[in-house]
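4 protein chains.
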Amino acid sequence: MKALVYHGPGQKSLDERPKPEIQAPGDAIVRILKTTICGTDLHILRGDVETCAPGRILGHEGVGVIDAVGSGVTTLHVGDHVLISCISSCGKCEYCRRGMFSHCATGGWILGNSIDGTQAEFVRTPHAETSLYPLPDGADEEAMVMLSDILPTGFECGVLNGKVAPGSSVAIVGAGPIGLAALLTAQLYSPAQIIMIDLDNARLEIARQFGATDTINSADGDAAGRVMELTAGRGVDTAIEAVGVAATFLLCQDIVGAGGVVANIGVHGQVVELHLERLWSKNIAITTRLVDTVSTPMLLKTVQSKKIDPLRLITHRFPLDRILEAYDAFEHAADTGALKVIIEA
Amino acid sequence: MKALVYHGPGQKSLDERPKPEIQAPGDAIVRILKTTICGTDLHILRGDVETCAPGRILGHEGVGVIDAVGSGVTTLHVGDHVLISCISSCGKCEYCRRGMFSHCATGGWILGNSIDGTQAEFVRTPHAETSLYPLPDGADEEAMVMLSDILPTGFECGVLNGKVAPGSSVAIVGAGPIGLAALLTAQLYSPAQIIMIDLDNARLEIARQFGATDTINSADGDAAGRVMELTAGRGVDTAIEAVGVAATFLLCQDIVGAGGVVANIGVHGQVVELHLERLWSKNIAITTRLVDTVSTPMLLKTVQSKKIDPLRLITHRFPLDRILEAYDAFEHAADTGALKVIIEA
Amino acid sequence: MKALVYHGPGQKSLDERPKPEIQAPGDAIVRILKTTICGTDLHILRGDVETCAPGRILGHEGVGVIDAVGSGVTTLHVGDHVLISCISSCGKCEYCRRGMFSHCATGGWILGNSIDGTQAEFVRTPHAETSLYPLPDGADEEAMVMLSDILPTGFECGVLNGKVAPGSSVAIVGAGPIGLAALLTAQLYSPAQIIMIDLDNARLEIARQFGATDTINSADGDAAGRVMELTAGRGVDTAIEAVGVAATFLLCQDIVGAGGVVANIGVHGQVVELHLERLWSKNIAITTRLVDTVSTPMLLKTVQSKKIDPLRLITHRFPLDRILEAYDAFEHAADTGALKVIIEA
Amino acid sequence: MKALVYHGPGQKSLDERPKPEIQAPGDAIVRILKTTICGTDLHILRGDVETCAPGRILGHEGVGVIDAVGSGVTTLHVGDHVLISCISSCGKCEYCRRGMFSHCATGGWILGNSIDGTQAEFVRTPHAETSLYPLPDGADEEAMVMLSDILPTGFECGVLNGKVAPGSSVAIVGAGPIGLAALLTAQLYSPAQIIMIDLDNARLEIARQFGATDTINSADGDAAGRVMELTAGRGVDTAIEAVGVAATFLLCQDIVGAGGVVANIGVHGQVVELHLERLWSKNIAITTRLVDTVSTPMLLKTVQSKKIDPLRLITHRFPLDRILEAYDAFEHAADTGALKVIIEA
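Protein chains in written order, with numbering that gives the first Met the number 0: chain A, 0 to 344; chain B, 0 to 344; chain C, 0 to 344; chain D, 0 to 344.
Among the hints, a few may not be true.
Because identical chains cannot be distinguished in the list, a pair is counted as satisfied if it fits within a single copy or across any two copies.
[Stated by the list, open to error] The calculated DSBU-like cross-link candidates involving lysine-lysine, where the alpha carbons are at most 35 Å apart (straight line), are: (1) LYS162 / LYS11; (2) LYS11 / LYS306; (3) LYS281 / LYS162; (4) LYS281 / LYS18; (5) LYS11 / LYS305; (6) LYS305 / LYS162; (7) LYS281 / LYS11; (8) LYS306 / LYS162; (9) LYS306 / LYS18; (10) LYS162 / LYS1; (11) LYS33 / LYS281; (12) LYS162 / LYS18; (13) LYS18 / LYS33; (14) LYS305 / LYS281; (15) LYS11 / LYS33.
Just so you know, these hints were derived from the structure itself, not from any lab.
Put together the whole structure using the sequences plus the hints.
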């Protein structure tokens, strides 16, 4: 089968690989219909993710059709259309029982990382019964691909951790795909203000179309001052960090109001400064989270009932044959305007 | 009247001052029966607290008898025995309505800071009806003094923010009075493990008597390793920072388990390092809080029903005349073994 | 001044009454601009409310201008435009401190009940600083009148108690003004399904316009069966009782799913049957509540940010002179189509 | 093997039955070491439980040793000592994913009900990996048997649903084994008052030894009055119904305070009266629950850390050979003083 393979920092190719086989009673083999590329795939290609070894098929998102199941699988059947969660969850370990699937003792984020992933014609998914979700009748496959990772990530790490609530004020730092996913899902809770902050005016314009009440281009260095003006000097109830660098995390510390939350989504590679000398008395929380995908069933319902429209995140489509072009478009988003690209296998 | 007055960094004296008078309809004048000294008073004396100007009477804790009330006060009366909260709360502003009394628009921590405090024969308390608590019949006055600040601080900033729960694991870094207050109040939720960490073996011995299940002297630099051993490699559910320096905050980052909370109580004077490059995916929260004293009525019930015994925190007693000696004992706790000192006015 | 006075069961008239005066330091006198009639006023007129004696000026909703304040009032001033909460809250008692303003020791629902109310040119409001809310600049006065009672009631008793959540299923039994208020405010949480149940097709048509996803006319006695069909046999997550009779409360028991909530809003006059022999093992909650109006500041923000439009509830307008006609229109809603009627003083 | 078999209302015997065998990949066969009798077993014997057909081996509690596992079981092994939960949970269905194991699509309370149970030498347990809990080293087997059902039931249905909290007031109606289990586990949250109500002075004496702060013999019909005296007229924060008849449920309605919870544990066979005409405005919740056993891992930790001592519930011990005598002692508890009886297989 064809598969996009990581060959070490900066190197990838579309290779021919053997079709995966069932290895454990809980496995399923899924024939991929549609997949996509995540910012994390770019991190891997920069050599930032130690757990991902050369030779690995990338990709942790997608929808497909079940091609085979292990002997222990009783609730899924060959031919079922399923959504593949980016997080594999055994459903049995202490962390899974607590709803922290991201820290599953034998799962977590393994697809396209420590085991082969979804940017291929087929993928083996461990713990299939608790990591795949049957598609409801009439579901839009491309919309469903957005439920593998980006929507639950924006929602769980940003919106839920950030305690977004009716009437509250939210600032989202970073208007890339993940920041926009937080923007879309934040509106499930009807906050009064959603302030979007980025350096790219084109993305800020998209943010306005997606429902941001205010946008700030932070290029001039006074984003914090602008947020204070917009919140009558109080700061926001929720500051969502959707970039992953020290400067944006500092900005979040500057704009969070007393009693508020800084909800980190960004993947950070460096130690950052925390101004506890100002924040110790401010009654705030700073939260981190690798998405657990516990909200996937709920998000599926909100998509099916048209409360959010994930298709707005999709800008480009490519067949699997041309996945290298897809990577190219996704990596050069400033030029191509790419948000999420769909790969059809 | 006699009062302990701050005269600038390093300078204090017991002075004669005029008795305070009612200034606003919501004020009360309280004749002090018993007060105490807080670590924050030492911060002021080191010049660390900008809001506290020379000439200020110190102290924000105590019990007393109401001597006079303003025209707007209808629910308190001259002669009532009351507990003075360290936090003044108007009960009307947005923050008070949200239960965040610490950020009250016209209150918060003002006693012995931006207005004169309780280390005197009398004190004026603004917003009296929502900042004083009538003592129940038969209440022990010295126990009640512990409810002004130290017990609600340990409980709200450490235990509540830290989400201590039945069966959970807790580490408290710092076995001073505030860490011990967290230790006492954590037991209201029956955690399975409370690991106390300090450099002073005498305080660790007290911690064991107060209910710590394990103690670690961190002098050898391997406290984190020991905590990991005690928690089967998982780290603790709750790490309470009760010191206020960078090193202890770093230790908390090292010992908090996936899904856990670092609950900061310490008053920090410096920016600290936050290892987001390790923590971004660990599903943790870091919380800060200036005590709101919203839990005072509840803590009063737990003291009256003997669920916690605050008298265990009291090691020394002095008359107001000898308050300078009391400061001396409190400042040299390593030698004197002082935890909380009672001043009788 | 002119005032609508209750003279015993079935009797009311527009009388001339003396203008109210300040009685306590916390009082304000408010000149009424706009008020409305509540279903509870009709209960009083039927003689169902024992606490309301003949001679009482009715009304517990409205907006107005402050005409005078007591000596203890420091945060409100003559000339301020304010929203009058139906619940008076002292802000000091144990219940107010817990956010249960409805059970305030010296307040609660007293306006137009145990003290004179708002269907008059002026009203005296006790505990003014914690029971009146300044109108934001540019606020629509008629929209604000809906925040006195009906929107917080639908929201707190129905939506909050009912734990309405993104993707969840909700049934509202009763499409009168209060059921419609629950319908409007439920959408702040983006449930996937809102099923409206009533006997009146005209009201069900309005419910569809207001956002109901499904409507059921319960005249044929099979409403429960229809709800089960719409929820794949599971029943709803939230069943909101917005009528106040035994039959509708029974219907809620029949349609609530395992793990769900029956949130009662209705004012009940009779004991009802509870089928514990079926429900004991169903993991449900049944909740009751007199509105606390703790959500008023939040709802104000959602109205100002256009997340809900309370004007949709207003069908008729009358000057105070013609308030008897307004009562007539409101009482005969089946004929007049009245939802909420605005009275301009 | 020997097994206690239900043969229709009023009929049971100790029979010889074939040893159970693995039927599904997720099954385990457990050799029983210790089991016990539950009040629900008596309900079955009275013919009250329709799902339990004649010929069924009774029992849904116990500890044992794994004798065999199905092909899909990877985390449990022959020889493991395990606690058997009274609730079987697949870990995959919507309800299990929500933590509502009691409503598992293919599990729930099935042991000793719709499939053969634990009062035998061996038992087949479906969904073994998510329904059995390995015993920690050094665990007391008899204490562990109390974790199969009675402790999680008292805790989840009574204490958690009842929102017992530090400083709160609790009344438990019914001092039988399940009421006493609620009493033991309520203390994990340090309430200020636990009032135990029963008709049997011997059980009330035991309740005092177990930590009740007050006891009331309700024989004189004035239990409600006594509770009001003990709570300064306010009623309790939590009223736990641990009997299952209309009269005790009515008593709970009489004694619950404004803002409180009536947490039902009792198994009810009849419709009951609910006084909504008094309760509609009282801001209360009434909760029901079939135990989910989600708290089993946590309770295990509190037992191992000596926060609760389940052995206090055990009054009698019998070998499996004499299980009919054990039933006799348990059924005639008023004479024998039996709380929980241990059966050794």
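Each hint, compared with the structure:
In this homomeric assembly, LYS162 and LYS11 never come within 35 Å of each other (Cα to Cα): the closest approach is 39 Å inside a single copy and 45 Å across copies. Proximity of LYS11 to LYS306 under the C-alpha cut-off of 35 Å is found in neither arrangement, the shortest distances being 38 Å within a copy and 47 Å between copies. With identical chains, the CA atoms of LYS281 and LYS162 are at most 35 Å apart both within one copy (17 Å) and between copies (18 Å). Taking CA atoms no more than 35 Å apart as the test, LYS281 paired with LYS18 passes between copies only; the shortest distance there is 34 Å, against 55 Å inside one copy.
Taking identical chains as interchangeable, the C-alpha atoms of LYS11 and LYS305 are never at most 35 Å apart, the minima being 37 Å within one chain and 49 Å between chains. In the homo-oligomer, the alpha carbons of LYS305 and LYS162 lie at most 35 Å apart both inside one protomer (22 Å) and across protomers (21 Å), since each shortest distance falls under that limit. For the homomeric pair LYS281 and LYS11, the shortest alpha-carbon distance between copies (29 Å) is at most 35 Å, but the shortest distance inside one copy (47 Å) is not. In this assembly of identical chains, the alpha carbons of LYS306 and LYS162 lie at most 35 Å apart whether taken from the same copy (19 Å) or from different copies (18 Å).
In this assembly of identical chains, the alpha carbons of LYS306 and LYS18 never lie at most 35 Å apart, being 38 Å within a copy and 51 Å across copies at closest. Proximity of LYS162 and LYS1 under a CA criterion of 35 Å is satisfied in neither setting, with 43 Å inside one chain copy and 47 Å between copies. For the homomeric pair LYS33 and LYS281, the shortest alpha-carbon distance between copies (30 Å) is at most 35 Å, but the shortest distance inside one copy (46 Å) is not. When the C-alpha separation of LYS162 and LYS18 is checked against a cutoff of 35 Å, the pair qualifies neither within a copy, at 43 Å, nor between copies, at 46 Å.
Taking the shortest Cα distances, LYS18 and LYS33 sit within 35 Å of each other inside one copy (17 Å), while across copies they are farther apart (50 Å). In this assembly of identical chains, the alpha carbons of LYS305 and LYS281 lie at most 35 Å apart only when taken from different copies (30 Å versus 38 Å within one copy). Taking the closest pair of Cα atoms, LYS11 and LYS33 come within 35 Å of each other only inside a single copy of the chain (20 Å); across copies the shortest separation is 59 Å, beyond that limit.
When each numbered hint is compared with the structure, violations occur for hints 1, 2, 5, 9, 10, 12.
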